[in-house]
Amino acid sequence: MAQFRYLRYFTKRYPLTVTGAVIIFLVVMVSLAAPLVSPHNPYTLNLTDRLKPPGSIYLLGTDELGRDILSRIIYGARLSLLAGVGIVGIAGLFGIVIGSVSGLLGGKVDQAVMRLMDIMLAFPSLVLALALSAALGANFRNSILAIAIVKIPVYVRLVRGQALSIKERQFVKAAQTFGAPKVWIISRHIIPNCLAPVVVQATLGIGEAILIAATLSFIGLGAQPPAAEWGAMVSMGRIYLLDQWWYASFPGIAIFITVIGFNLFGDGVRDMLDPRFRN
Amino acid sequence: MEPLLKISDLHVGFLNYAGVARVLNGIDLELFPGEFLGLVGESGSGKSLTANAVLGLLPARSAVISKGSIMFEGKELIGRSEKEFQGLRGKKISMVFQEPMNALNPSYKIGKQMVEILKLHKGLSNKEAKAEAVRWLTQVHIQNPEKVVKEYPYELSGGMRQRVLLAMALSCGSQLLLADEPTTALDVTIQAQILRLMKETADQLGTSVLLITHDLAVVAQTCQRVAVMYCGNIVEIGPVTKVLHEPCHPYTKALLKALPNPDHSETELQSIPGSVPNLLTPPAGCRFHPRCDLVEKTCMELRPQLTTVSENHYVACWREEDHV
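So the protein lines, in turn, are chains A and B.
For what it's worth, full-length UniProt numbering labels the leading residue of the first sequence as 1, then goes sequentially.
For what it's worth, full-length UniProt numbering labels the leading residue of the second sequence as 1, then goes sequentially.
These are computed hints drawn from the structure, not numbers from a lab.
Be aware that one or more of the hints could be misleading.
Said to hold, decoys possible - Each computed DSSO-like pair below joins lysine-lysine, with the alpha-carbon atoms no more than 27 Å apart: (1) A/Lys173 / B/Lys91; (2) B/Lys112 / B/Lys75; (3) B/Lys297 / A/Lys173; (4) A/Lys173 / B/Lys257; (5) B/Lys75 / A/Lys173; (6) B/Lys127 / B/Lys150; (7) B/Lys112 / B/Lys122; (8) A/Lys173 / B/Lys130; (9) B/Lys91 / B/Lys119; (10) B/Lys122 / B/Lys91; (11) B/Lys147 / B/Lys91; (12) B/Lys92 / B/Lys6; (13) B/Lys119 / A/Lys108; (14) B/Lys242 / A/Lys173; (15) A/Lys167 / B/Lys119; (16) B/Lys83 / B/Lys147; (17) B/Lys112 / B/Lys92; (18) A/Lys167 / B/Lys127; (19) B/Lys150 / B/Lys130; (20) B/Lys67 / A/Lys173; (21) B/Lys150 / A/Lys167; (22) B/Lys150 / A/Lys173; (23) B/Lys109 / B/Lys75; (24) A/Lys182 / B/Lys199; (25) B/Lys67 / B/Lys147; (26) B/Lys91 / B/Lys75; (27) B/Lys130 / B/Lys75; (28) A/Lys182 / B/Lys91.
Claimed, not checked - Computed list of chain B residues with no C-beta within reach of chain A, every gap over 10 Å: (29) Ala258; (30) Ala284; (31) Gln305.
What the hints assert, rightly or not - For the chain B half of the interface with chain A, some residues (derived, Cβ under 10 Å), not all of them: (32) Asn52; (33) Leu55; (34) Leu57; (35) Ala60; (36) Ala63; (37) Val64; (38) Lys83; (39) Gln86; (40) Asn102.
On a predicted model such as this, the values are computed, not experimentally measured, just so you know.
For glycine and all other residues, C-beta sits at the position ideal for the given N, C-alpha and C.
Required output: the full structure, derived from the provided sequences and hints.
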């Protein structure tokens, strides 16, 4: 009962955050339960029902091969979530390790690492991701890797900044006087204490990551047919946009809602962890 | 008796854009086993720096030890590798800090932080280390140690945290404890408790303590000997009773005069005229001479060395014989 009251208070206090959380929850549930909730097989071709408008059998219509768009969107949620979490996960992990080492060691190592990151940040992220994923070979896994690599500098900078301030804190000095090796200081003192902003950055980053992954698929450098991926679906539907509006629109809306969900939630997490917004 | 720690003629400088700041200018200090030595002086006089030099924790990029030696248990510390120092820190030489509020990692429970050090230095198993941690918390008079090991630092008060840190510092059998203003951030009643605890525990274990402070009352309560630092020099060193009651150096005298006196609460507090000199261009000769009433020509030209005034009581002043 107490939890319920807290939930109600929370909803009233942070309506947007809760909306974001609900959207994320729904997307996650739907993608987990995809085989149960999707009305049709997303990959079954049904050439007699090509490009059918939304109706009672095909709720959101069908594509040019007669595949159910709703089912494909539901399965597409899996790929998009995987892309979002995968990209942020890989980029965050490398960012934390590189950033904390660079911040703690300082000096030449730090200079070298940070200038490399500056160079990476000087490229527009989409262009760099495009180039990398074209170089790695166009498929879904490589597109995630490419975007993750492009996003690493964001986390490196963030964590390095944190590491610089944390390493001056008394408990790090104290740990040194107790004879803690550098590896310990990084793993037990610096990393755990700089996670809060990384978590915020990561939640906000998932939405963007999903968007870039969809963009790469849209261009043809991400998920390849017949994969049910939202960006790829929009890309195919673009040709039919004037006559069969539903084909490109619904996957587009799916991207929009999911990204909005992560962004709202990320904003909320940031506000909650920022003491200036707390009262 | 062989000293546990013997610092001789230690010179430390800091490189910066304007040159070299000579922050330690020939420190001589001996600390005997089981002894409490107070190190007093105003901010920036090099007290903490001395302690950090002993632990090999001077900032590697800017600090330079240009001369001198630090002998611990008869072995030279200067020039040892970081790896060797890591084996000493926490095991043979430990430190407690001014601000217990910030000296514990906020992300881990007390028990875990204690256990890690015990595992590192004593090679205990997890279970043994846990038992040892509880035993040490009992040793520093923490009520309910089984509960405290499961708590996070923010759940403890400043005094309790300082006790925990003291337990951590001593738990691996350190022979030397560097206490860098351990009670400055605590209120007076807790201060007294912590000092009493430090004294009791150190006496029991035979640990030597270098107590860095600018509180002469703390020194009077706990130390056998006291060294007075000014501007990177030790200007006077001797038994506490001697130094505090029959000070020889004009700076020590001035410091003692600057203490508030409860019997004459109406009179204004005395201060030492002038301010601490810029260490990039320290005054020649005796570094205290610009602020000294007794200054004469020699003081401006030659650096005074520590000379004996009475048994174990040394002072570095050219005018020392004139005012004994």
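- Item | Hint numbers not upheld by this structure, sorted from lowest to highest | Per hint list: 2, 3, 4, 13, 14, 16, 18, 23, 24, 25, 27, 36, 37 violated.
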